[in-house]
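Asks: Residues per chain, in single letters:
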Amino acid sequence: MAKIELTRIPFIKNILKSRYPQLAVFIVMLIGYIFAILAGLIGTPVGSHNFSIVFVWIAWWALLILVAVPFFGRGWCAVCPIPLPGEWLQRGAVLSPPDKRPKWLNLRVPKMFRNIWLQNISFLLLALFSSVLLTTPNITGIVLAAMLFAAIGLSTVFERRAFCRYLCPVGGFIGLYSQTAPVELRIKDKQVCVTCEGKPCYNGSSTGYGCPWDIFPGGLTKNTYCGLCMECIRTCPHDNIAVNLRPFSADLAKPSTRMDEAFKAFIMLGSAIIYAGVLLGPWGAFKDAAYNVGSGAWFIYAVVFLAIIFVVLPGLFTLGILNTKNALPLKQRFASLSTALIPLGLMFWVAFSLSFVLTNASYIIAALSDPLGLGWNLFGTANMAWQPMLTSILAPAQTLVLVGGLIWSARTAQKAAGEVKVSPIPVIVYCLLATCLMLWLLL
Amino acid sequence: MRPTPNTDRPTSHNLMRFHFSLLLLVTAGLVVAFAPLPAQPITPQERTFEIDAHQFAYSPSEIKVNPGDTVTIQLVSTDVVHGIYVDDYDISVEADPGQSATLTFVADKPGSFRFRCNITCGAMHPFMIGKLTVGSNNWLYRSIGLAALAVLGMTVSRKQKA
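Line order of the protein sequences matches chains P and X. With my numbering applied, the first sequence corresponds to residues 7 to 449, in that order. With my numbering applied, the second sequence corresponds to residues 165 to 326, in that order.
In case anyone wonders, no lab produced these hints; they're calculated from the structure. Errors might be hidden in some of the hints.
Said to hold, decoys possible - Computed footprint of chain X on chain P, listed as stretches where at least three residues anywhere in the stretch have a Cβ under 8 Å from a Cβ of chain X:
1. 90-98
2. 394-403
Unchecked claim - Facing chain P, a subset of chain X residues (Cβ under 8 Å, in silico):
3. 252
4. 291
5. 293
6. 314
The C-beta atom is built at its ideal place from N, Cα and C for all residues, glycine as well.
Okay, chain P solo, but in the shape it has when bound (with noise of 0.2 Å):
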């Protein structure tokens, strides 16, 4: 299938270089957002009738999940409101062109931190407190408050958006995944990138702002670390910028050598396995251990999260790998061979949000009337009983995802594997194994 671009239909480019529209979805975002804060600390302590738990880790998890990242990758962070005060700050104006002179302190990260391990590592520290943190309003206010807080902080110390490029937990799986998506933003024409003075979609013209995201277009060869802030389409000066329609996971086909992305990979895999298991199994004693933080049962399951995401898990692919030898060195094809589990994972988690969803969305109806559960019925639906939706197709859905998701990864491991000479069939048998565990904890 050949790329289609977006951006040749007119009212599409209007809208993506024009500000106006994208200021408007941020500003609704930040209101909830804040809105969201509010709820969580001021609100019902009660998670299933508080804004933030349900709009949170029930609508918008969903939409994320579901739909944003596996059909526009990174299209959440193009309106996630989370960077924009920072960044007001950090340009010193809201929407007027930008001012040369830098403001703050505005220095460049250093280097052994550009990458995603700190991503890796905020997700995990999220991960392990996750339990409070989907069920407690008020934990949940202070982590979306903490995250707004540290990005105006980092975008007063460092350049352009440190926070999502480097730390924000949710960036970093994003990103990974978005590299499946049918939809990226690439340059139309090499050579005119080659050849363009002073490359203004990086450093910023006076029709916008340098790439945020530390991204020089001209290079760009996969969704990873491309926020779709659009900026590059307002500041090229030749109209080199396009967005494209195209296939499934594009990105894949050229795997990955980086060892943080190999391990978010791997994160995100066994995060999602764990959850199956814990949050959704029959099992009260994992779950007790899960939300008794600080007990001594919760520190033998952070130490069991972490052993099965850095030990168990990476370990047997590594086994599984170690006698498909080349010239390669075994780090090199283990990140590289890692791509195969890119959307496996993310399947995983819409087999996962598929049940915790349906079973749990009846409460935003109930929430929308009395989003801080004080007894308010703004649309009358305050008292709408908690109901299961869906329940009886969810099984075949969850098996339809988690086999597609088997395929897609097979198919992925047979293009990695080419890529590095190896077979594919240890990578395809340890995707299979994972798919099997899964669908017994799911089913």
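Position chain X relative to chain P; hints supplied.
Replies: Below, chain X without anything else, positioned relative to chain P:
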């Protein structure tokens, strides 16, 4: 200079074999997913389970019955108000603290079903979950069969393309 023949291009014979294999795999997939399984005749029984509900677990958390059994669940709540809702059967009952409540139904749908607390009972309430298995969990076995078949299909199709 003569152009090098493109060895990657599949011949019509290979393409036919590939399509035939694909058809076989799809047929096998449909059989694995939907073919009726021989059912062993089992006389329905009356089964009673006492399930303790406490934050945020059921004990026992997994119950197994045979299709056609008349199942009675005596739900005993040991701390706060808890309920039990059985997915797909769409039936529920609630028990006050220290009290018990009874839910009786005929297990006429085979498969594996989650049962979950339907009364907000605390922070981890959305994850207070148990499992009811009626007969054998055939959907799980069918799904694993489909996964294995999918992998086999990918490997075979790859070899045929090569």
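Asks: Hints first: check each against the structure and report whether it holds.
Replies: Each hint tested on the structure:
Counting residues of the region 90-98 of chain P whose beta-carbon sits less than 8 Å from any beta-carbon of chain X gives 0, not enough to reach three: the coverage restraint is violated. For the region 394-403 of chain P, the stated coverage by chain X holds: 6 residues have a C-beta nearer than 8 Å to a C-beta of that chain, and at least 3 were required. Against a cut-off of 8 Å between C-beta atoms, the interface hint on residue 252 (chain X) holds, since the closest Cβ of chain P lies about 5 Å away. At its closest, the beta carbon of residue 291 (chain X) sits 5 Å from a beta carbon of chain P; the interface hint therefore holds under the 8 Å criterion.
At a threshold of 8 Å, the smallest CB-CB gap from residue 293 (chain X) to chain P is about 6 Å, leaving the interface hint in force. For residue 314 (chain X), the shortest C-beta to C-beta distance to chain P is roughly 5 Å, which falls under 8 Å, so the interface hint holds.
Consistency with the previously given hints fails for number 1 only.
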